[in-house]
Amino acid sequence: MPSFDMPVHSLQEELKRRDQLLASAHIDKAQVKPHEVFCTKCNKSIRLGPVRYWNELWDAHRQGCDNAGGRIQEDVDDDEASGLPSEEVLALASHTDTSPSSAPPVAPYHTAAGPGVDSISSGTLPGTTTSQMTDEELELRSLLEEEQRLLYRLHRARLALRIFKASKSTRNHK
186 MPSFDMPVHS LQEELKRRDQ LLASAHIDKA QVKPHEVFCT KCNKSIRLGP
236 VRYWNELWDA HRQGCDNAGG RIQEDVDDDE ASGLPSEEVL ALASHTDTSP
286 SSAPPVAPYH TAAGPGVDSI SSGTLPGTTT SQMTDEELEL RSLLEEEQRL
336 LYRLHRARLA LRIFKASKST RNHK
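Residue numbers (the working numbering): 186 to 359.
Keep in mind the hints are simulated off the structure, nothing from the lab.
Just so we're clear, the structure is a prediction, and the values are computed from it rather than from any experiment.
Do not take every clue at face value.
Pairs of lysine to aspartate or glutamate residues, derived as EDC-like cross-links and limited to a Cα-Cα distance of at most 16 Å, are as follows [to be verified]:
#: 1; residue 1: Lys-226; residue 2: Asp-213
#: 2; residue 1: Lys-350; residue 2: Glu-241
#: 3; residue 1: Lys-218; residue 2: Asp-204
#: 4; residue 1: Lys-214; residue 2: Asp-204
#: 5; residue 1: Lys-201; residue 2: Glu-241
#: 6; residue 1: Lys-218; residue 2: Glu-241
#: 7; residue 1: Lys-353; residue 2: Asp-244
#: 8; residue 1: Lys-226; residue 2: Asp-244
#: 9; residue 1: Lys-229; residue 2: Asp-251
#: 10; residue 1: Lys-218; residue 2: Glu-199
Please build the complete structure, drawing on both the sequences and the hints.
Structure below.
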């Protein structure tokens, strides 16, 4: 719902963008939301970005979806869905510490809802307090928090790149 203190021209632009999305092919008209639409061709929800009814990301998805024959590769969504660190994060992590580690390898965890993620972010591992944690557990917590920060930065960089590519392609078509 638009705010009453929103400038009239912004409201008019928002309504124009919404109407363009509703007129677009392969969108489920019943599922058009200010920041998300549903592609009926590949059956995926597509995020529209921070601006309400912003259609540049939808246009980029639609072009990729048409070119891929119904399936577009979205790196950000695929990385988040798998719950595994991406290749870039692993490569970056491999260059941060050149000394061999004596700690055992850490199993991949799901960043969205994995076991213990809430307790790690709150400062303790499941079933322990900070004073009960060993040096290895403290180091592991620190590494997991660093991985979370790196994954977030990677996600933001990829999103910015997609927005840049979408805006560049729309400028070239005008």
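Hint check:
Restraint check for Lys-226 and Asp-213: the C-alpha separation of about 10 Å stays at or below 16 Å, so the hint holds. For the hint linking Lys-350 to Glu-241, the alpha-carbon distance of about 9 Å falls within 16 Å, and the restraint holds. Straight-line distance between C-alpha atoms of Lys-218 and Asp-204 comes to about 12 Å, which keeps the hinted pair within the 16 Å bound. Using a Cα cut-off of 16 Å, the hinted pair Lys-214 and Asp-204 holds, with the two alpha carbons roughly 10 Å apart.
Of the pairs offered as hints, the one joining Lys-201 and Glu-241 holds, with about 13 Å between alpha carbons and a cut-off of 16 Å not exceeded. The suggested pairing of Lys-218 with Glu-241 holds, with an alpha-carbon distance near 15 Å, which does not exceed 16 Å. Note on Lys-353 and Asp-244: the hinted pairing holds, with a Cα-Cα distance of about 12 Å set against a maximum of 16 Å. Of the supplied pair hints, the one linking Lys-226 and Asp-244 holds, its CA atoms being roughly 13 Å apart against a limit of 16 Å.
Distance restraint check for Lys-229 and Asp-251: the Cα-Cα separation of roughly 14 Å lies within the 16 Å cut-off, and the hinted pair is therefore satisfied. Using a Cα cut-off of 16 Å, the hinted pair Lys-218 and Glu-199 holds, with the two alpha carbons roughly 12 Å apart.
When each numbered hint is compared with the structure, no violation occurs for any of them.
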